[in-house]
Amino acid sequence: MNVSIFGCELSGLVTAGALAQTGNNVIALPIGNAKVDELSKGKMPRNEPGLTKLIKNQLKGENLTFEEDWRKAVEHSQVLFLSVPSWRLNRAEEVINKIGRYASGEVLVINQSSFPIGTADRFEAKLKLAFAERGLVAKVSVVAMPEFISEGSAISDFTTPDRIVLGSHDLESIKRVKDLMRPFNRITDQFKVMSTRAAEYTKYAVNALLATRISLINELANNAEHFDIDMEEVRQGLGSDSRIGFNYLYPGCGFGGPSFASDVKNLVGTLQSKGYDADLLKAVLSNNETQKEVLFRKAWRFFNTDLRGKTIAIWGLSFKPNTSTVENAPSLRTIEALVAQGAKVKVYDPKAMPDFTMHWRGIGVELVENMYDALEDADALFLMTEWKMFWSPDYALMKSKMKTPVLFDGRNIYDKEVLMGYGFRYFGVGRGERV
Amino acid sequence: MGVEKSSAWQALLEHSKSGVSSEKLVNLFKDKTRSERFSIDLQEMFLDYSKNRITDQTLELLLDLATQQQLPNWIDKLLSGEEVNDTEHRSAMHSALRAGGQGVKGKALEVQGQIESEFEKMSLIVEKIRSGHWRGFTGKPITDVVNIGVGGSDLGPLMMTNALQTIKSPINLHFISSIDGTQTSNILKNLNQETTLFLLASKSFTTIDTLSNAETAKDWLAEVLDDSDTLLSQHFIGVSTKPDMMSEWGIPKDNQLVFWDWVGGRYSMWSTIGLPIALQIGMTGFREMLDGARIMDQHFGEAPLSENIPVLMGLIDVWNINFLDIHAKAILPYDARLKYLPSYFEQLVMESNGKSVNRAGEKVAYKTCPILWGEVGPNAQHAFYQLLHQGTQAVMCDFIAPVERDDFDAHGLTEKEGSLRYQHELALANCFAQSRVLMLGDDAIPISIKEQFNSPFKHYPGNQPSNTILLKSISAKTMGMLVALYEHKTFVESVIWEINPFDQWGVELGKLIAKETHAAIKDTKKAEEFDASTQGLIKRVI
Numbered sequence: 001m002n003v004s005i006f007g008c009e010l011s012g013l014v015t016a017g018a019l020a021q022t023g024n025n026v027i028a029l030p031i032g033n034a035k036v037d038e039l040s041k042g043k044m045p046r047n048e049p050g051l052t053k054l055i056k057n058q059l060k061g062e063n064l065t066f067e068e069d070w071r072k073a074v075e076h077s078q079v080l081f082l083s084v085p086s087w088r089l090n091r092a093e094e095v096i097n098k099i100g101r102y103a104s105g106e107v108l109v110i111n112q113s114s115f116p117i118g119t120a121d122r123f124e125a126k127l128k129l130a131f132a133e134r135g136l137v138a139k140v141s142v143v144a145m146p147e148f149i150s151e152g153s154a155i156s157d158f159t160t161p162d163r164i165v166l167g168s169h170d171l172e173s174i175k176r177v178k179d180l181m182r183p184f185n186r187i188t189d190q191f192k193v194m195s196t197r198a199a200e201y202t203k204y205a206v207n208a209l210l211a212t213r214i215s216l217i218n219e220l221a222n223n224a225e226h227f228d229i230d231m232e233e234v235r236q237g238l239g240s241d242s243r244i245g246f247n248y249l250y251p252g253c254g255f256g257g258p259s260f261a262s263d264v265k266n267l268v269g270t271l272q273s274k275g276y277d278a279d280l281l282k283a284v285l286s287n288n289e290t291q292k293e294v295l296f297r298k299a300w301r302f303f304n305t306d307l308r309g310k311t312i313a314i315w316g317l318s319f320k321p322n323t324s325t326v327e328n329a330p331s332l333r334t335i336e337a338l339v340a341q342g343a344k345v346k347v348y349d350p351k352a353m354p355d356f357t358m359h360w361r362g363i364g365v366e367l368v369e370n371m372y373d374a375l376e377d378a379d380a381l382f383l384m385t386e387w388k389m390f391w392s393p394d395y396a397l398m399k400s401k402m403k404t405p406v407l408f409d410g411r412n413i414y415d416k417e418v419l420m421g422y423g424f425r426y427f428g429v430g431r432g433e434r435v
Numbered sequence: 001m002g003v004e005k006s007s008a009w010q011a012l013l014e015h016s017k018s019g020v021s022s023e024k025l026v027n028l029f030k031d032k033t034r035s036e037r038f039s040i041d042l043q044e045m046f047l048d049y050s051k052n053r054i055t056d057q058t059l060e061l062l063l064d065l066a067t068q069q070q071l072p073n074w075i076d077k078l079l080s081g082e083e084v085n086d087t088e089h090r091s092a093m094h095s096a097l098r099a100g101g102q103g104v105k106g107k108a109l110e111v112q113g114q115i116e117s118e119f120e121k122m123s124l125i126v127e128k129i130r131s132g133h134w135r136g137f138t139g140k141p142i143t144d145v146v147n148i149g150v151g152g153s154d155l156g157p158l159m160m161t162n163a164l165q166t167i168k169s170p171i172n173l174h175f176i177s178s179i180d181g182t183q184t185s186n187i188l189k190n191l192n193q194e195t196t197l198f199l200l201a202s203k204s205f206t207t208i209d210t211l212s213n214a215e216t217a218k219d220w221l222a223e224v225l226d227d228s229d230t231l232l233s234q235h236f237i238g239v240s241t242k243p244d245m246m247s248e249w250g251i252p253k254d255n256q257l258v259f260w261d262w263v264g265g266r267y268s269m270w271s272t273i274g275l276p277i278a279l280q281i282g283m284t285g286f287r288e289m290l291d292g293a294r295i296m297d298q299h300f301g302e303a304p305l306s307e308n309i310p311v312l313m314g315l316i317d318v319w320n321i322n323f324l325d326i327h328a329k330a331i332l333p334y335d336a337r338l339k340y341l342p343s344y345f346e347q348l349v350m351e352s353n354g355k356s357v358n359r360a361g362e363k364v365a366y367k368t369c370p371i372l373w374g375e376v377g378p379n380a381q382h383a384f385y386q387l388l389h390q391g392t393q394a395v396m397c398d399f400i401a402p403v404e405r406d407d408f409d410a411h412g413l414t415e416k417e418g419s420l421r422y423q424h425e426l427a428l429a430n431c432f433a434q435s436r437v438l439m440l441g442d443d444a445i446p447i448s449i450k451e452q453f454n455s456p457f458k459h460y461p462g463n464q465p466s467n468t469i470l471l472k473s474i475s476a477k478t479m480g481m482l483v484a485l486y487e488h489k490t491f492v493e494s495v496i497w498e499i500n501p502f503d504q505w506g507v508e509l510g511k512l513i514a515k516e517t518h519a520a521i522k523d524t525k526k527a528e529e530f531d532a533s534t535q536g537l538i539k540r541v542i
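Chain order of the listed sequences is F and D. Using the working numbering, count along the first sequence one by one with no gaps and you end on 435. Using the working numbering, count along the second sequence one by one with no gaps and you end on 542.
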C-alpha cells in the first residue's frame with residue numbers, strides 16, 4: 001500500500017520505517033527542523049536505538065523516500081499519517097489545508113499526534129468542506145490512532161504494541177487501518193476500537209494517570225523520610241498488592257521529556273479555557289517541578305544553605321536512560337539551581353551532552369568525557385539518570401577521586417549499606433540518611 | 001514679618017476681595033481660550049487647572065508671591081541637596097535618588113555613586129528572588145515576600161505595587177504595617193514558612209510597630225526551624241539607614257540594604273525601601289519609575305514658574321486655602337488600581353505641611369495644610385460626593401485618570417474586551433461629569449429637564465474648584481511623574497508658608513507616651529499619675 005507520513009520526529013520516523021519494512025511504499029515529509037537531505041542520508045534527528053539501521057535499510061530497499069514536495073506527498077497515497085508534535089498544531093492545519101487542495105480522490109488521514117480533543121473530527125469536517133468547494137466527490141475520513149511509543153524502546157513499542165487504540169466511527173476506515181497494522185497485531189488482537197474523541201482522550205488519560213502515579217509515589221517517598229522509613233521496603237509492600245502492581249512505582253527526582261508532562265499540561269490548559277479547574281492534575285505537575293529539585297534541596301540542607309565554591313558532580317543529564325534528550329529533564333533545573341548558588345558543576349552523560357549544550361546557556365558547568373572525571377575534587381555526586389553504566393561503579397575509585405564521599409541518588413539505584421560500607425554518606429529519595 | 005504681611009500676599013488679598021473670590025466659574029469659561037491657556041502637557045501627563053477660581057491676574061499675583069518667597073532659590077536648594085530640613089540639619093535628597101547621575105550638582109551629585117552601588121546590590125537581590133533562586137530553609141524557592149514596615153516604609157511600596165498590578169510578578173507580595181498584629185496573624189495563616197521571606201523596612205530600625213511584627217514573624221518561623229542562623233539568612237532582608245541596628249537584630253550583612261538619613265521616610269519609595277516595587281515589576285521597571293520622577297524633577301528645576309506644573313498646582317492650592325478659605329482637599333483617582341494613592345498623598349501632604357510654626361519657630365498667622373483625603377472616584381461618588389455637591393464645606397478636588405488602559409487589549413474583538421472598553425469609557429465619563437457638575441452646579445442641568453430640579457433639595461451650588469490630571473496610562477513612568485509632582489507641589493506650598501515640610505515632630509510625642517502607657521498596662525501602679533479617663537481605660541483591658 002502507498003502511505004504518506006507527515007512529520008519526521010520520533011513517532012513519524014518509527015512509523016515510516018516500520019510500515020516500509022512490512023512492504024508498504026512510504027513517503028515521509030518532515031515538518032519542522034528535520035531536513036530531507038540529512039534524513040535521506042540516514043542521519044536521524046534523534047539518537048533512538050535501532051532507528052538509524054531501520055531507516056537506512058528501508059532507504060536502501062527503496063520502500064521509503066523522504067520528500068519535501070507537499071503535492072507529491074499528498075498525491076502519493078490515500079492513506080496519510082499526521083505525526084506532528086502537539087505544539088505544532090498550526091503546521092498540522094497546513095497539512096490538512098494542503099490535502100484539501102491537492103488530494104484527487106478518497107482520503108484516509110490517521111492522526112497520531114496529541115492534539116486537543118475533537119481535532120480529528122474538526123479536521124474531517126475541514127477536509128469535507130474543502131472537497132465540496134472544489135466539487136470533488138470523494139470519501140474523507142480522519143481517524144485517531146494515538147502513539148504510545150517511549151523514547152529508548154520506540155521501535156518495539158510500535159511493532160509489538162500493548163494495544164492499538166483506534167478511534168473512528170467509520171467501519172470502512174477501521175477495516176483499512178486494521179489491515180495496514182496487521183503485521184503488528186499478530187499474537188492476540190490488540191485493537192481497541194472506540195469513538196474518535198475517546199481515542200484522543202485515552203492518550204491524555206494514560207499520561208495523566210502515569211504522571212499522577214509517579215508524583216504520588218514521590219510524595220509518599222518524601223514523606224517517608226520524615227518518619228525514618230526506607231521507601232524501598234514500602235515499595236515492595238505496595239507493588240505486591242495486585243491492585244497496585246510494580247510498574248511506575250519508583251520514587252525519584254521527577255519525570256521529564258518532551259511529551260509526557262506537556263500532554264498533561266495541555267489537558268489542564270484546555271479544561272481551564274473551558275472554565276474547569278483540573279485541581280489534581282495541576283498539583284501533579286507542580287509537585288513534579290518541585291521534585292526535580294529534590295537532590296538540590298538535600299544538598300542545600302546538607303551544606304547548611306551555603307553551596308558557594310562547592311563542586312557537584314552530576315551523572316546523567318537525559319530525562320531517562322537510553323535517550324539523548326534533556327528536554328524538561330530534572331538535570332536542567334537542578335544544575336540551574338546549583339549554579340545560581342555559586343556551586344561548580346561537573347557533568348557526565350553517555351549520550352545527552354550534545355543536547356545539553358543546546359539547552360544550557362549559562363556558565364559554571366564543565367562537561368567531562370569520563371564518568372569518573374566528573375568526581376575529581378567533588379564535594380558530592382548527584383545521580384540523576386539511571387543509565388546502566390552507572391549501576392555498578394568502582395566505589396573505591398569514586399571515593400579516591402572525591403573530596404568528600406557524599407552521594408545523592410535521584411533514582412534509588414544504589415544499595416545504601418554497600419555505599420556506607422565504603423564510607424559514603426548516602427541520600428536517596430525516601431531512603432538513606434535524612435539530612 | 002510673616003508672609004501674610006508681605007506686599008505680594010496683601011496684593012492677593014486685595015485681589016480676592018475685588019470680586020474674584022465670588023466669581024462664578026461658569027462666567028470665567030465665557031473666555032473660549034481659557035481651558036487651552038490653563039492647561040499644560042508634560043510628556044505622558046496632562047494637567048487641566050482651568051476649573052479653578054482664578055484669572056490671569058490671580059496667576060500673575062501668585063507668581064509674584066512665589067518670586068517674593070524666593071521659590072526658584074528654594075527649588076535650587078532642594079534639588080542640589082542643601083540643608084532644607086533645618087530642624088534636623090539634613091538635606092532632603094529624594095530627587096538625587098532618581099537622578100541617575102544626570103543633571104545634578106552639589107551634594108546631590110556627590111551621593112550619586114553610593115546610590116548606584118546600593119541599587120546594584122538591590123538589583124542582585126531582586127534578580128535572585130524573582131528568578132526563584134532565593135531559597136528558604138528547606139531549599140524551596142521563595143514564593144511570598146512580606147514587607148514589614150509602617151508609614152513611608154509601607155505606603156509607597158503598597159501604593160505603587162497596587163498601581164502596577166497588571167505587571168505580572170513571579171512573587172506574591174504582602175504588606176504588614178499595623179502594630180496590633182492582626183494583619184500579621186491573618187497573613188501568616190495563609191503562608192508557608194518554607195517559602196516566605198520577610199523584608200524589615202524601617203528607617204531608624206527602632207520603630208516599635210515594625211520590630212514587634214518582625215518578632216512575631218520570627219517566632220512563626222522558629223515554630224518549624226531551630227537553626228536561627230538559617231532563619232535569619234534565608235528569611236529576612238533588612239532595609240534601613242542603620243546597618244549597625246540591622247546587624248544587632250540579626251540581619252546578615254549580605255541581606256542588608258541601606259538608604260540614608262537625607263531621605264525622608266515619606267519620600268523613601270525611590271530608595272531601597274522600594275524593594276517590594278522592584279520585586280513586583282523588576283529592577284528595569286523600578287528604574288523606569290525613577291526615570292518618570294526624574295522627568296518631573298527636571299521640569300520642576302528648569303521650567304519657568306508660569307509653566308511649571310508643581311509650582312502652578314502648589315500656588316493654586318495656596319490661593320484656594322488662604323484666599324478662598326477652602327480647607328479640605330479630595331484626591332479622586334478614576335482607576336481602582338490607584339486605591340492607595342489617597343492614603344499615600346495623605347501622608348505625603350499632611351505629614352509635610354501639617355504644621356503651625358514657621359522656620360523661625362514662630363506661630364503662623366494663616367492656614368497651612370488642608371485636610372486631605374480621598375478614595376477611588378467611582379466608589380467615592382457613592383460615599384462622600386454628596387458632601388462635595390451639597391455640603392457646607394468647600395472642597396478642592398484633584399481628579400486623576402488614565403487615558404489608556406493596559407490591563408486589556410484596547411483593540412480586542414472579544415465581548416469581554418468590548419465590555420471592558422465600555423467600562424473604561426464609563427469611568428472617564430463619570431470623572432469628567434463630576435468635575436463639570438462641581439464647577440457648574442445647577443448650570444449643568446440641561447434646559448429640557450430643568451423643571452425636574454425645581455426643588456430646594458435638588459439645588460447644586462457648584463463653583464467647587466478642581467484640577468484634572470490625565471495620564472497616558474498607568475505605568476511605572478507616569479506613576480513616577482505623578483508622585484514626584486505631588487512631592488514638589490507640597491514643597492512649593494511649604495515655601496510660601498515658610499514652614500519646614502521635611503520634619504515631623506508632631507508624631508514623636510505620641511510614640512514616647514505610648515511606651516510609658518505600655519509600662520502602665522504591665523504595672524498599673526505606674527498609671528496612678530495618669531488622668532482618670534486613661535486610668536479607667538487601662539483598668540478595662542488588664
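Since the hints were made in silico from the structure, they are not lab data. Warning: the hint list may mix true and false statements.
In silico lysine-lysine, DSS-like type, Cα no more than 30 Å apart, as pairs [unchecked claim]:
#	chain 1	residue 1	chain 2	residue 2
1	D	LYS77	F	LYS344
2	D	LYS140	F	LYS346
3	D	LYS140	D	LYS253
4	F	LYS320	D	LYS140
Model, not experiment: these values are computed from the prediction.
Verification of the hints:
| no. | hint | verdict |
| --- | --- | --- |
| 1 | D:LYS77 x F:LYS344 | violated, 52 Å |
| 2 | D:LYS140 x F:LYS346 | holds, 23 Å |
| 3 | D:LYS140 x D:LYS253 | holds, 22 Å |
| 4 | F:LYS320 x D:LYS140 | holds, 24 Å |
Checked against the numbered hints above, the structure breaks only hint 1 and satisfies the rest.
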